[in-house]
Structures are given as C-alpha cells and as structure tokens.
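2 protein chains.
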Amino acid sequence: MTPWAERLAGVHGVLLDISGVLYDSGAGGGAAIAGSVEAVARLKQSRLKVRFCTNESQKSRGELVGLLRRLGFDISEGEVTAPAPAACQILKERGLRPHLLIHDGVRSEFNDIDISNPNCVVIADAGEGFSYQNMNKAFQVLMELENPVLISLGKGRYYKEASGLMLDVGAYMKALEYACGVEAEVVGKPSPEFFKSALRAIRVEAHQAIMIGDDIMGDVGGAQQCGMRALQVRTGKFRPSDEHHPEVKADGYVDNLAEAVDLLLQHTDK
Amino acid sequence: MTPWAERLAGVHGVLLDISGVLYDSGAGGGAAIAGSVEAVARLKQSRLKVRFCTNESQKSRGELVGLLRRLGFDISEGEVTAPAPAACQILKERGLRPHLLIHDGVRSEFNDIDISNPNCVVIADAGEGFSYQNMNKAFQVLMELENPVLISLGKGRYYKEASGLMLDVGAYMKALEYACGVEAEVVGKPSPEFFKSALRAIRVEAHQAIMIGDDIMGDVGGAQQCGMRALQVRTGKFRPSDEHHPEVKADGYVDNLAEAVDLLLQHTDK
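Read top to bottom, the protein sequences are chains D and Y. Using the UniProt record's numbering, you'd call the opening residue of the first sequence number 1 and step up by one each time. Using the UniProt record's numbering, you'd call the opening residue of the second sequence number 1 and step up by one each time.
One chain only, chain D, in its complex shape (with noise of 0.2 Å):
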C-alpha cells in the first residue's frame, strides 16, 4: 500500500465529520469517542484549515455545538456547515417558501423564512415526526404545485444510536420521490455543492483538503466525487464490509478520530 506520507502529501484543509467520528449521538445527549476531544484541540493547533461538516439536522447548529462544547470539544458555530443553513440561503436565493417536513430541534434555523403558501416542501431527518399524517402533508404540498421541488436535508439510508440502527431521511425522500414523481434536490453531503461550500469557508482547494467521516457513501464517496481525498474512521456507522465496498476505497482506513490525527500531524505539518 503507498505510504501515508504519500497518501497526505499536500493537505492543508481538513473536513471533520461529527456524528460518529466526534461522538456517538443517543440517549442523554450522546457520548464523545475515545480520543476525539484531545484530536480536535491537537487539529486546531496545528498549520491545517480545520472545518466541521455535518448532515445534522435534528438540532440547530447552536443546540449541535454546545452539546459539542459540554462534551469538551472545542468548536464554535462558525465553524460548522450544516445543511440547514445552506438550505436557508437557496430558499432564500430562489424564493422558496418551504413546507416544513423537520425535526423541532432544528426550526429554529428557519426563523427568518417566509413559510406561508408554501411552494415547495424542505425535509429532513424528522425522527418521531415522520408520521403518516406529516407524510402526507408534505406529500399533498407537492402535489398541489405545478412544478413540486423537493428539498432533503441528506440522502442518509440510516444512522446508529445506542439502540440500534435508525432510519434517516433518504428512505422518507425516496418516498416523496416515487409518490410524487419528482427528484429531490439534496442539501448536506454527498452533494458536491454542500462540499464546496465548506471548503471555501477555509479557503482551501478541493485536491489540497481530506474529508474524515464513518460513512462510506456520505462522507468518503461523496468528497472523493468532490476531489478531495477522504479518511474512513472505525467508529459511528462503520461496518467492516465497508473497506471492502463495491463503489468506493477510502484513502485509507483507520480506528478512530486520534489515529487520523496522529498521522495527518505526522505527514503534512511540516
């Protein structure tokens, strides 16, 4: 196998995935992963551009970053894209008035936005909320409108909590997707847009940046798509089948957060 001196050769960005690679989210708020905290804080230290980028979006950003900080992380809102936000800016940009198919603990990103007649319908990983009855409500928005567009917050088949495996927001987009005859357009990773938007926030070009995330389409697959390189960690939603996927190869493969940082700050802060 090449050499990671090789592999890391000219990163000067960084892309941290949260959820799975920071900390596992579940009852109680969620624990941090062994080892994270301190690789964050060793991270921000160093020469590297260090940017979250996250799919979250059962919680604002300011809800997400002070349980970060309360576990001990050291991050700040700024810090962060999430698809909320980016969402707000191209509902904003096309004027879009959203019918709202998203968790309570993310509203608040959508304050400032004008949701009356609504023209088009946002969803995201709603949780308890996909029920059948606001299902259908979002269904019925498309359907009424002339040309439905459809917005998801993330493609995620499903995430891991302490109790098991959890639907995400794909399955309930592929949903809409079929009964209303339409294709959603995605906000948040794996779309090339969310991930140049995170890079430009650092200021950093794709072929000098690497993504570090638990999931193989979401993260590795989709900024490799992208032109950055990407690192798999062993925590979160990782399946060992994962190193050996059909579609896609990580740069490389490794236990945790600690372990990646230990080597992008062996290979590249020269």
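If you're looking for bench data, these hints aren't it; they were derived computationally from the structure. Ideal placement from N, C-alpha and C gives every residue a C-beta, glycine not left out. Just to be clear, a hint being listed does not mean it is correct.
[Unchecked claim] Label-pair restraints from in silico Cβ distances: (1) D/35 with Y/112: 52 to 58 Å; (2) Y/41 with D/241: 30 to 36 Å; (3) D/133 with Y/262: 39 to 45 Å.
[Claimed, not checked] Incomplete in silico selection of chain Y near chain D, CB under 8 Å: (4) 4; (5) 70; (6) 136; (7) 170; (8) 172; (9) 175; (10) 178; (11) 202; (12) 242.
Please arrange chain Y on chain D, whose structure you already have, making use of the hints.
Then chain Y, alone, in the frame of chain D:
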C-alpha cells in the same frame, strides 16, 4: 380514433378495480360512485365474465364485500382477487414467517400464518400505522436478515379519499428498499402474476379480457403489459394529465364505470 366496436372486439371477460371505480373510500365507509351499482348489476346480467381485482389491503375481503353490499353492490367474497390472500399463499409455499407492517383491518387474513421469529417483512397500506416506530422496526428486521425478503401488497403511489390524496404503500416500500438495499416482491397489481390469477378464476385469456380501473399505471399499464386491454375511468384518482401519460395509453378513457359498461354491452354482448 379507432371505433369502440373495434377496440372492444372479442372481449369475453372484465376485471373491475374496486376503489375509485365502484366507490370512493372515506369517512363512514365511503360512497358509491354514481351509476356504478347499476353498472355492476348490468354487467353481471350480461354474457361477460366478471371478476373484481383490487389492491385493497386495509380491509379483509369479508369486510370489503360487506361494505360494498351495504352500498348496494352485487358482490361476494368468492368473486374478489385481493393481495392479502395471494401473499398468504406465497408465504406458505416458501416457508416464510412474516413481520407484518399492515393495517389492523386486514390482519385477520393472516390468522393462520406463523409470525414467530420472522424471516421476511410483509408491508401493506398501513395508513396511520406507518409511524416512524413501525417503519423502523420493519427496517431493523430486514437489516438483521442474511437474505432480506420484502413483500409488498401493491406498489401504488397514492389513492384518493374524500379528504384528498393519500400516500399508498408504494412510497413506504420504496423507503425500505432504499434503506435496506433490497428490491421488494410486489403482490397485487401491476404484478402480471396477480392479473393472471384473476383471469384464471374466470377462465378467460388475457387477449379476451379488459381491465377497468382508475390507476393509469397500476390498472391500465399493468393489464396491458399482461396482454389485456384496459379502460381508464375519470373517477377516483384519475387526473386529466393521465390522458397524456408519457408511457401508458389506455385503450379508452370513459367518464365512469357506467359509461364503460354501456360501451361493453353495446359492442360485445351480441
């Protein structure tokens, strides 16, 4: 356009969809569509063979027939081809023990099926039963199986109730297909096997049969793929855009079942 006499030549058997053709479901059991009670009676008095072919899977056949009889229809259980009994036959033949994600109204059809230690999932139009919790449970059962089998009673996108369009089982089938990376086996229209079982029951060949339905894909497209002819009624879930559907063209469009039966009796019952 080809004259009706030509389009209907050689028809010996008629398959009738129920919801949206005979009646509109909804609060209080629903309401017969104007002229349909008499149309069914006239059809059954003719020389044409008649079979009801429905994807109804919120109710047992007994319940459905009881409701239709109260609305005035001449119909008995033995005349109805429906997905739940067809699925039970498949489950028994293949030794499958289902986890059931179905409506309580149809549960009695599965009374003699072993549902312990499930090795497959059966999904049907569960209506309000499509909660996040129930969907997640079905998802988790599939993810734990080495060879996940998902059987879906129909794959309709939506149906119409008095209160508006309602999401059908197909949307939720797609959600599970995407989340689990499986392809569902569909029992019900538009599965050719399902149409064929309805035709076998009245001993009519596909080229001598015509389907009458309100669903351009499930009824019309499905029947035509099976070698039958098909009329679409402008009742139930019919939408004007169906008459310009990019893929499916019915052998005729009629205002309602009464008009379809007028034409059939005029041009075939000689």
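Here's how the hints hold up against the structure:
One distance hint, 52 to 58 Å for the beta-carbon pair residue 35 of chain D and residue 112 of chain Y, holds here, with the actual separation near 55 Å. Checked against the given bound of 30 to 36 Å, the beta carbons of residue 41 of chain Y and residue 241 of chain D, roughly 60 Å apart, lie outside it. Separation of residue 133 of chain D from residue 262 of chain Y is about 40 Å and conforms to the stated range, judged on CB atoms against 39 to 45 Å. For residue 4 of chain Y, the shortest C-beta to C-beta distance to chain D is roughly 31 Å, which exceeds 8 Å, and the interface hint is violated.
Given hint, residue 70 of chain Y at the interface with chain D, is violated; its Cβ is 27 Å from that chain's nearest Cβ, farther than 8 Å. About 5 Å separates the beta-carbon of residue 136 of chain Y from the nearest beta-carbon of chain D, less than 8 Å, and the hint is met. Annotation: residue 170 of chain Y was flagged as interfacial toward chain D, and the flag holds, the nearest CB pair being 6 Å apart, inside 8 Å. For residue 172 of chain Y, the suggested interface contact is upheld, since its CB lies about 6 Å from the closest CB of chain D, less than 8 Å.
Because the beta carbon of residue 175 of chain Y sits about 4 Å from the nearest beta carbon in chain D, less than 8 Å, this interface hint is met. For residue 178 of chain Y, the interface hint holds, since its Cβ comes within 8 Å of a Cβ in chain D; the closest pair sits about 4 Å apart. Hint on residue 202 of chain Y is violated. Least Cβ distance to chain D is approximately 32 Å, over the 8 Å limit. A least Cβ separation of about 12 Å between residue 242 of chain Y and chain D goes past the 8 Å threshold, and the interface hint is therefore violated.
Taken one by one, the earlier hints fail for this structure at numbers 2, 4, 5, 11 and 12, listed in ascending order.
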